[in-house]
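6 protein chains.
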Amino acid sequence: MKSVAVRNIRRAGLEIVDGLAILGVATVHEAQERTGLLASYMRPIYPGASVAGSAITVLVPPGDNWMLHVAVELCTSGDVLVVGVTSPCTDGYFGELLATSLAARGVRGLVIDAGCRDVRALAQMPFPVWSRAVSAQGTVKETLGAVNVGVVCAGQVVEPGDVVVADDDGVVVVRREDAVRVLAMARAREEKEAKARARLQNGELGLDIYDMRSRLASKGLKYLDE
Amino acid sequence: MKSVAVRNIRRAGLEIVDGLAILGVATVHEAQERTGLLASYMRPIYPGASVAGSAITVLVPPGDNWMLHVAVELCTSGDVLVVGVTSPCTDGYFGELLATSLAARGVRGLVIDAGCRDVRALAQMPFPVWSRAVSAQGTVKETLGAVNVGVVCAGQVVEPGDVVVADDDGVVVVRREDAVRVLAMARAREEKEAKARARLQNGELGLDIYDMRSRLASKGLKYLDE
Amino acid sequence: MKSVAVRNIRRAGLEIVDGLAILGVATVHEAQERTGLLASYMRPIYPGASVAGSAITVLVPPGDNWMLHVAVELCTSGDVLVVGVTSPCTDGYFGELLATSLAARGVRGLVIDAGCRDVRALAQMPFPVWSRAVSAQGTVKETLGAVNVGVVCAGQVVEPGDVVVADDDGVVVVRREDAVRVLAMARAREEKEAKARARLQNGELGLDIYDMRSRLASKGLKYLDE
Amino acid sequence: MKSVAVRNIRRAGLEIVDGLAILGVATVHEAQERTGLLASYMRPIYPGASVAGSAITVLVPPGDNWMLHVAVELCTSGDVLVVGVTSPCTDGYFGELLATSLAARGVRGLVIDAGCRDVRALAQMPFPVWSRAVSAQGTVKETLGAVNVGVVCAGQVVEPGDVVVADDDGVVVVRREDAVRVLAMARAREEKEAKARARLQNGELGLDIYDMRSRLASKGLKYLDE
Amino acid sequence: MKSVAVRNIRRAGLEIVDGLAILGVATVHEAQERTGLLASYMRPIYPGASVAGSAITVLVPPGDNWMLHVAVELCTSGDVLVVGVTSPCTDGYFGELLATSLAARGVRGLVIDAGCRDVRALAQMPFPVWSRAVSAQGTVKETLGAVNVGVVCAGQVVEPGDVVVADDDGVVVVRREDAVRVLAMARAREEKEAKARARLQNGELGLDIYDMRSRLASKGLKYLDE
Amino acid sequence: MKSVAVRNIRRAGLEIVDGLAILGVATVHEAQERTGLLASYMRPIYPGASVAGSAITVLVPPGDNWMLHVAVELCTSGDVLVVGVTSPCTDGYFGELLATSLAARGVRGLVIDAGCRDVRALAQMPFPVWSRAVSAQGTVKETLGAVNVGVVCAGQVVEPGDVVVADDDGVVVVRREDAVRVLAMARAREEKEAKARARLQNGELGLDIYDMRSRLASKGLKYLDE
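Residue numbers (numbering that gives the first Met the number 0), protein chains in the order written: chain A, 0 to 225; chain B, 0 to 225; chain C, 0 to 225; chain D, 0 to 225; chain E, 0 to 225; chain F, 0 to 225.
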């Protein structure tokens, strides 16, 4: 592993990041043709949180959270910390103290392919975390990793500066260079969905709105009366 | 797979269905001799929901939610949609738009042996869902399945028109033809439990209420003082 | 299995137990050198609960909760019931009635390496439970087990009278004879953390507070500018 | 649960059953339009076994194998025992003695949605078993179940007399009334595959044999040179 | 964790250990009333191995195999190494070199609640291992653990000098002080089973040999003809 | 997803690839500082296979193996097919016919983060596969993916032309540009291990060979006599 910490990364504009946050994971994921979704074992530690931020990426060894302290200094307002591990681990790498430090810098949340602890305190702050486990098991500070290199987190590559969107549906990563385009497509999708929602609320059927009946019939669907 | 959609199914009376909803999963499951419980990986997407309804059953291929749109039209007030898959899948078959459409028809909830998304919006509506996963991964509309045929959902056979009861303890299915009898037995059980609850609150012991001491002794239980 | 129920066990002082409850799982686990943590699959059935108590231990066969009734009588105010199984099982051993009985005796919660049911009612009481599963599947009363013998629960040995601390981070067991010492160490740790928290809130970095920079450099960390 | 044991069931002809055995799970599954496959957690206890037989179905409570003894008497040469459980369990319901008894009656194997033990002895007999677990944990004989009623085994309904095919790829169930038709379709598929295999061995490409190139292009596939 | 290595432990006589090896896991587990079975996720890395030995116990941190080297020196002919971890880990703690060293001392196998690697070389030696995972991920030598203290391995307490029996069915631990008695009971069981096996081979039914018919009838089993 | 198939990729020299095959996964993984190991759920479908090859990478949708046919044409002798999925899936993407086609082109094996079928036929060919599941569930040919783009497979990024090494310990990926250097380091490690192996066979202890005693003492290890 390259033991490096990259100081200056390029980020998407905050207005782009904030736009993506409002749209949420499912819409953004659809808008970029269903790519970039982290594995569904990544769950929020409390319901209702919804954020987007520029990824500060961290690569850590199993059971060792030293590089998280290195990463804090490289974060700025509007960032999200994204942590991958070099070997699977559910230990609690992250708790209230690191969250306090990140919050003081304006960091919006943590996405970690490992465990987290102090979840009640984090919910009270609030500081949102998406993790694969909750565990009080602490970690050591013995072995280096890297900050702001490409990492694999829950099955997806995340590059530093990519935009990470996270809510109750999970986590999706948007390439920094695609963020403007994805935002536009996601907004277009959202508008289209708003119209469909209104019609569905009025009792119209998706079968009619999306004109599915003839295609269903041609594929061979038969309606029966019992 | 038979690509059919059965239009008219027989349902239990709504007063029976509503009676079962009040009693809840654990009591109903006991009342029908501990049969019909779906696998415990079926979890509500938010706590506190409690429903019962007549099952509109849907059989879907992995990653394809087309038949859910077909099913919507066949639902009526008081129904619950029950979805089985032909091969295991955690994709998000169901989200806010389908929920809007079902809610407009008076459908009470969804039980799906796959994934669901838009969970925050669903919690706000509220539209309750019991699923094996939460995932923003969308599905396609390419391959037919079936509506209102018998399906296996989370290890249990569900026939169209069966009564499905779901709450924070999970999901149980009651055969339509057994629903009246099960309701009566569940109510009897509930009354009996109410009496036991009162005695236990007063500090009486289950050992005495259920007369367990002599049977424990005859089986060989020894009390020791350390 | 020895079918015994031990009546009189030694407990830690209640002021010690209560002191540990306030500090919480993560701090207590650290204070005793990261020992005693139950497996992270042990999750609270609702968020926000936080208790400590003296362990009344129960060893049960798969699918049989008879010994829980025996255990109730041996509990007193300030206890926590800790249940191990002789073979893995996710059935719902415990529900509202047993909780009512335990609450009437001042018991503070349940830790069970199996399933639990009636979770909505338990949340309303409230009676906190940490379990490996939620399942409405009931159990029988056919086979003996033991009360107040050493059990393995979620990977940890728990002896009767040990102090069990449980919150949203999980469950940790403190040996009865170590409880005073662990409480003192946990309090010391808490004070130290309070100071660090204040400095981190002010924007100081862990890198500086914990004097990590030179050690990172000597291990070979390189800072790069992209 | 209905505590019944049905004595006389209808079976498919042995020549049909044996024909399906030769074709194997993957081919049979395809031939019946990808239905009837048991969950992939059902694994053979040793490699290389390949059988088909008429299903004698058994429904058992968790941790109780009593009904397997009842089932033995109802088996005849060419049968396969198929066991579903009323609640999930990995205990070792089945071992060398039951296998000896079944082998003496000409039974060809066991498919059990639970655990099995004595696997070395079973491999030496040989008596093939497909199970979800290997576990030495024994079971009791306290509670009734049923023999030759419809059961759910690893996510599929199996009716008594259905044909079960099992090999290293898993287990598939064929409805008794479909067995003749499925056999014919599976044989046709096998012949078609034999021809494709010969062409592929000669280096022809599936792209050409199955005429995929134009459809790939029309869907938008682009070939690039790096 | 106490960082100690206990040099001299008491062992059961080798003739007792060897007697238990012949009988195997399932029989020994039954003979001691179904206690002491390790979790069924503990699987042999190759089929057919069958050993028993006196436990040299090792407690290791996640991802750190240093104490295994300490343990080697404390082993003697007829021992089995039993390794518990202080936090869950699937890393490959053990490979060909440690196996070579243990084999040179007459150690009979390894039981590890973590990962193992070099499995092909181990199969060729052969040196049997029961583990929860196979993983090439190496470990470090930074943090102490303990040798020959009581450990929890796959859900069971193992004390140094306990007899560990392992075969294709899994792993069972016999308390050293119970080993003579358990051996006698296991042999008695084996003899009884041999007689039953002979009768079952001749086509007699368990229903008759174990005299189950009247008890089944009194519990309410009904035989039906379809 | 970019629907592209890249025709010409750069590969490491075959003598490098073959050198890595001989050394095996564990040694190669160590030699590149413990990077590049795929998740341990990737298991060989039969024991004893050991290969290395240049990666032809394929990205596929869930339940759709169309791109595998596209990939075959782009393979040459000495390659290994590496398949990542855009959403988790255990279906059987690959069987005997595709293996026949790949074998005819000199391809050495398949690494697939999904399911595989026809495992008995594959073992007889033999054609080695490392997969996360065995499943007879077939796939469709409806949706495009990509060939020879970077993919994530079982938690690791694999680029086309990277060297993939696979044996009973799992799978490791070596960057093409690092292959020469890693081979040299792996050989050096192998030689060092050969010397250690000889000394360990003679009964020398790792404690002495690696000079661990003083470091253990300084860390605080105490030897006790029971």
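Warning: the hint list may mix true and false statements.
To be verified - Derived, one-sided and incomplete: chain E residues facing chain D with beta-carbon distance under 7 angstroms:
1) Ala193
2) Arg198
3) Leu199
4) Tyr222
Claimed, not checked - Calculated lysine to any residue pairs in the SDA-like style (CA-CA distance at most 25 angstroms, straight line):
5) C:Lys1 / B:Asp17
6) A:Lys194 / A:Asp224
7) F:Lys140 / F:Glu14
8) E:Lys194 / D:Val139
9) A:Lys194 / A:Ala38
10) F:Lys194 / E:Arg188
11) F:Lys140 / D:Ser217
12) D:Lys140 / E:Val139
To be verified - Chain B residues, not near chain C, derived (Cβ > 12 angstroms throughout):
13) Arg6
14) Glu32
15) Ala122
16) Gly169
17) Ala197
No lab work stands behind these hints, which were simulated from the structure alone.
Backbone N, C-alpha and C define an ideal beta-carbon position, used for all residues, glycine too.
For each hint, the structure was consulted:
1. Residue-level restraint check for Ala193 of chain E is violated (minimum Cβ-Cβ distance to chain D is 10 angstroms; threshold 7 angstroms).
2. Contact between Arg198 of chain E and chain D, as hinted, is not supported at the beta carbon level, the nearest pair being about 9 angstroms apart and thus beyond 7 angstroms.
3. Taking 7 angstroms as the C-beta contact cut-off toward chain D, the hint placing Leu199 of chain E at the interface holds, the least distance being around 4 angstroms.
4. The interface hint given for Tyr222 of chain E is met, as the beta carbon of that residue sits about 5 angstroms from the closest beta carbon of chain D, less than 7 angstroms.
5. Our distance criterion of 25 angstroms between C-alpha atoms is broken by Lys1 of chain C and Asp17 of chain B, whose separation comes to about 47 angstroms.
6. This hinted pair does not check out: Lys194 of chain A and Asp224 of chain A have alpha carbons roughly 33 angstroms apart, beyond 25 angstroms.
7. Among the hinted pairs, Lys140 of chain F with Glu14 of chain F is inconsistent with the structure: their alpha-carbon atoms are about 36 angstroms apart, more than 25 angstroms.
8. A distance of roughly 20 angstroms separates the Cα atoms of Lys194 of chain E and Val139 of chain D; the hinted pair therefore holds under the 25 angstroms criterion.
9. A C-alpha spacing of about 30 angstroms is found between Lys194 of chain A and Ala38 of chain A, which places the hinted pair above 25 angstroms, so the restraint is violated.
10. Distance restraint check for Lys194 of chain F and Arg188 of chain E: the Cα-Cα separation of roughly 49 angstroms exceeds the 25 angstroms cut-off, and the hinted pair is therefore not satisfied.
11. A distance of roughly 14 angstroms separates the Cα atoms of Lys140 of chain F and Ser217 of chain D; the hinted pair therefore holds under the 25 angstroms criterion.
12. For a cut-off of 25 angstroms, the pair hint linking Lys140 of chain D to Val139 of chain E is broken: about 49 angstroms separates their Cα positions.
13. Once the 12 angstroms rule is applied to beta carbons, Arg6 of chain B is consistent with being away from chain C; the minimum gap is 33 angstroms.
14. With a least CB separation of 10 angstroms from chain C, Glu32 of chain B falls inside the 12 angstroms interface cut-off, contrary to its annotation.
15. Look at Ala122 of chain B: its CB is around 15 angstroms from the nearest CB on chain C, clear of 12 angstroms, so calling it non-interface holds up.
16. A beta-carbon of chain C is positioned within 12 angstroms of the beta-carbon of Gly169 of chain B; the least distance is around 5 angstroms.
17. The claim that Ala197 of chain B lies off the interface is violated: its Cβ sits roughly 9 angstroms from the closest Cβ of chain C, which falls inside the 12 angstroms cut-off.
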